[in-house]
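Participant: Here are the chains, one letter per residue:
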Amino acid sequence: MTWFSIIISGIVTYFSRMAMVALIDREMLGTKVKEVLNYVPSAVFPAIIFPGVFFNDFGLFVEITDPKIYGAIVALVVGFYSRSVIATIVSGLLSYWFIIFFLLR
Amino acid sequence: MLSKSKIFFKGTVAVLPHMLSVIPFGIITGAIGVELGFDPILVYATSLIIFGGASQIIFMQLLSGGASSLVAITSVGVINSRHLLYGAVLSEYLEKLSFIKKLFISYFIVDQGFAESNKYIKQNKNLSNPHYYVLGTGVTLWFCWQLSTIIGIILGSFIPEELGLKFAIPLTFLAIIVNDLRKLDHVFVMLVSGFASLILFNAPFKSYIILSPLVALIAAFIMLRFKK
Chain X
9 MTWFSIIISG
19 IVTYFSRMAM
29 VALIDREMLG
39 TKVKEVLNYV
49 PSAVFPAIIF
59 PGVFFNDFGL
69 FVEITDPKIY
79 GAIVALVVGF
89 YSRSVIATIV
99 SGLLSYWFII
109 FFLLR
Chain D
55 MLSKSKIFFK
65 GTVAVLPHML
75 SVIPFGIITG
85 AIGVELGFDP
95 ILVYATSLII
105 FGGASQIIFM
115 QLLSGGASSL
125 VAITSVGVIN
135 SRHLLYGAVL
145 SEYLEKLSFI
155 KKLFISYFIV
165 DQGFAESNKY
175 IKQNKNLSNP
185 HYYVLGTGVT
195 LWFCWQLSTI
205 IGIILGSFIP
215 EELGLKFAIP
225 LTFLAIIVND
235 LRKLDHVFVM
245 LVSGFASLIL
255 FNAPFKSYII
265 LSPLVALIAA
275 FIMLRFKK
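Protein chains in written order, with the numbering used here: chain X, 9 to 113; chain D, 55 to 282.
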């Protein structure tokens, strides 16, 4: 039964990856839709970022003093000015670790 | 002009920074599966067959918690439906490929790979073989994901939980969109999506992951109308 579930889940997931690439003709999409598609990254990723920063493991809002919030702010500022993916991630992690290992001890 | 292998390699390099979140996340996924009591082969099969981080964890958690297969499959489908949006964007660059090649390359469409490919190809409009960039990002992420889940399955979660490496996940996605904060229209769409996700977080089947982007895209559509 578990194997069955994995395979069906795999097919569903693969379909979501493949459908728009292989089955849909781009001519079918109007210019308006194509314009809106420019916003896909800006529309998808905040929905992963915000809960990751503002919720704890139990799905509750974190306190305003939560280290994740400050780590995210540092990453945001560093990323904005450096335009570097690695600098964004590393600065966020380091500032987060600095807070939890040094300031909160 | 860049050769195909050079374009592929550029894609590989572009996703390397994301390994800071992908590899720990993969190890955790493998380790959680074993901890939940699944056969190691089954745990690995989720990486190979489903190949989608968060959805694999939720899939295994649901099944081990006694949820029905239907609930588990539905959750995976809902969480992974965001790939439809990635496909819609990438289809512009993959249009000229044969049907078989499209079927093949689709398997490798992943969040970070999509984002980096989209960024690079937009900046290099005259790129002759953009699909090699997509493949470079996707195959690299695939390989590291497979390897790291195997490591997690064998070694368990040896990464100390105190490190809070889960926090690397929002950071890796922040790194992807941070540059677009220069554009007010994008900032607007991001805020709509972000706040929608906080409000919709407890919607069934983790559907906030697809509902929030849809709300944000509708907002973008309305915004574009007013701009004209």
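Heads up, some of the hints might be wrong.
What the hints assert, rightly or not - Pulled a few chain X residues facing chain D out of the computed Cβ check, cut under 7 Å:
#1 Ser-24
#2 Arg-25
#3 Val-44
No lab work stands behind these hints, which were simulated from the structure alone. Where is the CB? At the ideal position from N, CA and C, for every residue including glycine.
Participant: All hints are to be evaluated individually against the structure, with a verdict given for each.
Facilitator: Cross-check of the supplied hints:
Restraint check, Ser-24 of chain X versus chain D: the minimum CB separation of about 4 Å is within 7 Å; hint holds. For Arg-25 of chain X, the interface hint holds, the least distance from its beta-carbon to any beta-carbon of chain D being 4 Å, beneath 7 Å. Below 7 Å, beta-carbon pairs count as interface contacts, and Val-44 of chain X has one with chain D at about 5 Å; its hint therefore holds.
Consistency with the previously given hints is maintained throughout, with no hint failing.
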